[in-house]
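*Asks:* Listed here are the chains, written in short residue letters.
Number of protein chains: 2
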Amino acid sequence: MNNFTFYSPTEFCFGRGREQEVGQLCVKYGAHRVMIVYGGGSVVRSGLLERVKAALDAASLPYCELGGVRPNPTVPKVYEGLDLARTFKPDFMLAVGGGSVIDTAKTIAAGSYYEGDFWDFFIGKAKVGTCLPVGVVLTIPAAGSEGSGNAVITNEKTLQKLGIRQPMLLRPKFAVMNPELTMTLPEWQTASGISDMMAHIMERYLTNTPDVQIGDRMAEGMLLAIMEEAPKVIANPRDYEARANIMWCGTIAHNDTCSLGRQEDWNSHAMEHEISAEYDVTHGAGLAVIFPAFLQYMAFVHPHKVAQLAMRVLGIQPNLPTDADINNTNTWPIAEQQRVAMAGALKLKSWFHDVLHMPVSFAQLGIPQPNLELLNERLHQNKGAVMPGYFPLDAETTMKIYKLALND
Amino acid sequence: MNNFTFYSPTEFCFGRGREQEVGQLCVKYGAHRVMIVYGGGSVVRSGLLERVKAALDAASLPYCELGGVRPNPTVPKVYEGLDLARTFKPDFMLAVGGGSVIDTAKTIAAGSYYEGDFWDFFIGKAKVGTCLPVGVVLTIPAAGSEGSGNAVITNEKTLQKLGIRQPMLLRPKFAVMNPELTMTLPEWQTASGISDMMAHIMERYLTNTPDVQIGDRMAEGMLLAIMEEAPKVIANPRDYEARANIMWCGTIAHNDTCSLGRQEDWNSHAMEHEISAEYDVTHGAGLAVIFPAFLQYMAFVHPHKVAQLAMRVLGIQPNLPTDADINNTNTWPIAEQQRVAMAGALKLKSWFHDVLHMPVSFAQLGIPQPNLELLNERLHQNKGAVMPGYFPLDAETTMKIYKLALND
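Protein chains in written order, with our numbering: chain A, 1398 to 1805; chain B, 1398 to 1805.
Chain A with its partners taken away, still in its complex shape:
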């Protein structure tokens, strides 16, 4: 286990009706003037935006509004927010929505104190310094962003989808999480969120750092809970209990609970980012396509951790010599590691397809003839010739994985 610092100071206010507390929470964390950031119509139609405004009014907090943030949020909306901030001068950012809204709010929070172009943070030209504090009312499970110090923004001009990470400053002060708010999400969005949170867990799980049993076992428990609750949510979108379990999983999948003291692997996320930057697909749906392909390739070249996942989470039974240590896949015969790992990868792919009704190939994603050369070229332009991680990926390797994602 590597040295680590675990710092998750966000106050998570979870449960029915908790959005009524948002005014008091803003005051508690120092707000005097609030910029509300939100997305499209559902926050308005459901009455949530009005309830949030009423809570701010009750706390005597003036506010301005930045609506219209879209999925895969882009640079112009951040500029719009920064312009608004210059005139309204908020001292607190309140995101009401999912990951795109939160990431936009965080980026405005970081850009407000910066003289130059905020995009400098994303291309490594500047580091995030002072930030406005951010609060969240979450409407989509598995944003993850409500408990993390990360934000991702797409630059449509340069066709880049890039992230910033500042574990201290960009982490929300509070996150109101009412599972009832997620009940009206369409199946597509619910399922995309679930595949995204599972990827968040598995990308932390796939590591070469030895002796990280506690993180492994917690990650496995989280995946088992998700796979138990997901069919209930798909069958009955108004199942509060299943929504609650899924929503909380989405948060702890992304706040480092299961990734401490280990090297992580974010290469499949990076590979998906190229797809959604080019074809504007839902991030979680893109992951349902890429992740099984990624795991199939790993099952072949570096199977041991995939085999452990397959055995402990996906129910694949190993067939081992009687004296083998079942809990240490590293010591299994390599052929058996590969067999179990491949069976697990394919089982996960079927599960994404059959249970979540997610696409699991480019064609099912609505891209029958993807320009893989372009995706692969941009991937390595953004991430370097060799992407380090659980298994180092060069352009030849990532092309093989993209090609595996052509198969239904």
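These are computed hints drawn from the structure, not numbers from a lab.
Accuracy of the hints is not assured; some may be wrong.
Given that identical chains are not distinguished, each listed pair holds provided it fits within a single copy or across any two copies.
Once the Cα atoms are required to be at most 35 Å apart in a straight line, the calculated DSBU-like pairs of lysine-lysine come out as [said to hold, decoys possible]:
(1) LYS1797 with LYS1522
(2) LYS1425 with LYS1524
(3) LYS1425 with LYS1486
This structure is a prediction, so every number in the text was calculated from the model and none was measured.
Starting from the structure of chain A, add chain B where the hints point.
*Replies:* Then chain B, alone, in the frame of chain A:
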């Protein structure tokens, strides 16, 4: 799942050599004058105290010292600390040690701003208000106190062992956790810590709140990791990796990671507190005696959650009708719930004895003829006629559990 707030703002600094950062950490959290609280000789002998002082010197922080805190810390040591605080006027408490040291430091932190007798907090006569901030250098895994807002103090005059709980104010600002510092712990103390952290998890696990799968699965993962790492630590006390896994488990066992949105059950802890108040036994050893007895009784009267624990963590195989839902013990035939639960309780008892070399009966604890009537009377004096929880316990019931703990 019930509504909950999860707030764990402690900065955990984990890994080799991290105690060198303690001066900077105190400064970061506002210290100008520090009171160091510690226990007996090992902190001195190992050189840790000198390293901590050197780090404070390097940060130009003046300090005073309160040494000699003993296991099951008592009221007079708190008075001594409060006297010292009146003359030295620290604005930061630094606990260097385990649970007893941390709890003493927290209590002094709470008492420093209170005009009356600090014991008022423990008997419910006053509420904890303003507190000095507390930092921790942890030397014993499974204190739990390094990440919690709780403290327990024994009053030898009134023979009461009571706790206070203030999730916001009493939570340490930071906790330095270097697994190397735990390598010299004797087997007895290591094993007591492990049984204590397992009890912390299981007392949260035993709940009647339905639909708490994510917490259940994480708790099960934590217990599996502990049971995998514990034999390694007992076999080789200098196994850094196993020490690291155990140490981190001890913290998250007690910071609410696996207990959110549920009723908890702390009755076995309360039953053990009476034993260690009367006979001054190590808390974790007392729990190794009480917990299996408690589980055996629950296996009889209210088995479903104990059966789930037995199946998922302790490897007991259920024998069910073919159409039964294996993941929902509530729907199993009651006799099968009881059989699996009892097998699990006995397996855990054997594991405490065979792997941890813990006592599992009063006699093995060195109390061949415990005064059960006295323990039981005090228990209900402190906790009321009926103790609510996973299963409500009156005096007749707790006496049955105490009596089960007479059996080897």
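*Asks:* Sort out which numbered hints this structure fails and list those numbers smallest first.
*Replies:* none
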